[in-house]
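Number of protein chains: 4
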Amino acid sequence: MQKIVNRLKRIEGQVRGIQKMVEEDRYCVDILVQISAIQSALKQVGFSITERHINHCVSDAIKQGEGQETIAELMSVLKQFSK
Amino acid sequence: MQKIVNRLKRIEGQVRGIQKMVEEDRYCVDILVQISAIQSALKQVGFSITERHINHCVSDAIKQGEGQETIAELMSVLKQFSK
Amino acid sequence: MQKIVNRLKRIEGQVRGIQKMVEEDRYCVDILVQISAIQSALKQVGFSITERHINHCVSDAIKQGEGQETIAELMSVLKQFSK
Amino acid sequence: MQKIVNRLKRIEGQVRGIQKMVEEDRYCVDILVQISAIQSALKQVGFSITERHINHCVSDAIKQGEGQETIAELMSVLKQFSK
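Residue numbers (full-length UniProt numbering), protein chains in the order written: chain A, 1 to 83; chain Z, 1 to 83; chain H, 1 to 83; chain F, 1 to 83.
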């Protein structure tokens, strides 16, 4: 998980960078390109956590014959995530 | 633009909050819900900046009969943004 | 699966409706609203099939201790889907 | 616009192809890959129509000093589109 924390620290820095760009009244398109870079990075973090979740919680629940609820919960988070 | 800077500060705090959740080994689904909240917030910031950009730079270029290049640039950033 | 086929038939009809709107030179914004309705409908179909896939193939593989490859494949399709 | 109609005809055919895949009970992941291909294609059509809209309606409104309402409408359709 340290890898994920490190990626989140980098994302935090990128968000701070955008604040500075906005305050310095930098060109809108350059700011938008940075925002879309953060969104890609966040999505990657989301996928890593989703994969981890499926490999652990979801897999364990399925092995114990209790997958249904966990899978429904997973689907609901995937739907929210893809909005 | 102060409103946008404030929103970015809130997003920065949310990213830090997720780092903590990951370090404390909180439930993956709760982390994913938080990440998708940040993505929505970032998207809103992106839209505000896009609207501002269209209202200023793009409109000015169009009025001066030089819209073509600016619109092409806008489309390219919208495409990247929607990935 | 009949429910999914029916939804796909409705989507097919919606796509045909958009062709007509384009040919009749209807207002762009109205066409875009229709396209985004189709995208929502397709996304719903995608989620239904994903859920079905997790409930069957992925669950079976996990129960047989062979989840790893199937989960990797699932993640890769989720990533492509969210682009 | 004929180019856009042709692309929509291809998309219509792809949707029909997915119906067949579902009826033949083809592998879920293969179906999902096809659905995500249609979504990409639809997105491209959406971008073409958006660009056309900005180059014509939005530009005309801006030139006549009446951009505000048209830009607000554009933003609202972009938001819906990115859901």
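Mixed in with the good hints, there may be bad ones.
Which copy? The list can't say, so a pair holds if one copy fits it or any two copies do.
[Stated by the list, open to error] Computed cross-link-like contacts, DSS-like style, restricted to lysine-lysine with a CA-CA straight-line distance of at most 30 angstroms: (1) K20 x K79; (2) K3 x K79; (3) K63 x K9.
Think of the hints as simulated: they come from the structure by calculation, not from any bench.
query: What hint numbers does the structure not satisfy?
result: 3
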